[in-house]
Amino acid sequence: MRAPEHGWIDAALAEELSELVLWTLVAGPPPARRSPPELRERLGMLASRLRGAEAIELRRRPVPHAYRVFFRQIGLDPDDERTPVEEATMRRLMHGGFESHGALADALLLAVVETGVPVWAVDDDRLDGPLGIRAARAGEQRPRPDGFADDLPEGRLVVADAAGPVAVLFGEPDAHHAVSRATRTVRLYALQVGGVPDIHVEEAFWTALDAAWPDETVGTVP
Amino acid sequence: MVLIDPHSQELRLGLVTEADERAARRTLREQIARLEAQLADAVATAFGTRGAVPFAVAGAHGPRVLGIAELERVRDDLAARLGEARRELTRRGVEQERARVRLERMLLAPGEHRFARVAAAELGEGGCGVYQVRPRLGLIGMLAGWWHVKLSSGCPLAT
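Quick note, the sequences are listed as chains A and B, same order.
All residue numbers for the first sequence refer to our numbering, where the first residue is 1 and numbers rise by one.
All residue numbers for the second sequence refer to our numbering, where the first residue is 1 and numbers rise by one.
Excised from the complex, chain A in its bound form:
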């Protein structure tokens, strides 16, 4: 039985943003690359439920609203850099549906749209110790898929392991830690902010696990 764990939060950050919590969960080996028909069908049904009015109304629902508020509090404009659930909804409106991008990506998409809680996947074998959240230090960089790296401004909030940043907060994991063909174990992580109950985070993990690893999911232990 898989059990989600809390990641660490830098002490100064925990004092400042006390309701920010990082949850992680070892999901297992990467799922099949292609989405099973049931998952694609589920995404199709989900897409048919989402309309323009829903995109506007989202900002009033408790969980998406909590992420909007947190975005404001950390200096992001949620109408410019959208919260994950609003980004997914906007993509649905722009493309007329949810395009399938493989079992793992589809499962994560399903989790965020169903629960409002964003979930990301990283290559567990490339992590150096447990995941946590801290501010970026001077000189730290973020690897890109083309082999180059972007400088991270000092103070930027990042998800990090003992070796360095893994992803900018609410951003996709960098090229070094992203799930690839070489990945043997996938670790999921989610960010909980003030106003989001624990059960929503657990539900997000469970939704992703159930969609991507349907034969192996037996439940999560809070």
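Don't take each hint at face value.
What the hints assert, rightly or not - Cβ-to-Cβ under 8 Å is the rule here; a few derived chain B residues that face chain A:
#, residue
1, Arg22
2, Arg29
3, Ile32
4, His61
5, Pro63
6, Arg64
7, Leu66
Don't read these hints as lab results, they were simulated from the structure.
The beta-carbon is built from N, C-alpha and C at its ideal position, and this holds for glycine as well.
Given the structure of chain A, go ahead and fit chain B onto it with the hints provided.
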């Protein structure tokens, strides 16, 4: 005469401690949360009446822990935008109320409002419908003074 050394460590009056600043930042974050909720309500309400209100509020180059000045700027921008949104909603509400009164008068006495029109959009409703005072049976109704309010439906074809 007493000389006061401003650099003395014992001179603490008026100094803001880290704990005070943290409390101030917490208060500002709470204010931001409340304003964001009210702005979201205003935006959703405006959308429900087929309109839009200004809601863009610039970020502060995050994600990072914002200082007091930055949090104040976000809060002030949100408050300003909320004020604009509410003024716009009020203005639109007054216009819709006037349109409703016009429609009520048309319905009460169609003969006194011949060919008067009120679009559904003016009432804050969706669609392209238009309420119009028309004569029953065309020319006959016009001559006999038989007037009624008709709601045209459907949007005109794009040509």
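Now for the hints, and whether the structure bears them out:
The beta carbon of arginine 22 of chain B is positioned within 8 Å of a beta carbon in chain A (closest approach about 7 Å), and the interface hint is therefore held. About 5 Å separates the beta-carbon of arginine 29 of chain B from the nearest beta-carbon of chain A, less than 8 Å, and the hint is met. Taken as an interface hint, isoleucine 32 of chain B checks out: its beta carbon lies about 5 Å from the nearest beta carbon of chain A, inside 8 Å. Interface hint at histidine 61 of chain B: satisfied, since its Cβ lies 6 Å from the closest Cβ of chain A, which is below the 8 Å cut-off.
This hint holds: proline 63 of chain B has a C-beta 4 Å from the nearest C-beta of chain A, less than the 8 Å allowed. For the restraint placing arginine 64 of chain B at the interface with chain A, the shortest Cβ-Cβ distance is roughly 5 Å, inside the 8 Å limit, so the hint holds. The interface hint given for leucine 66 of chain B is met, as the beta carbon of that residue sits about 5 Å from the closest beta carbon of chain A, less than 8 Å.
In this structure, every one of the numbered hints holds.
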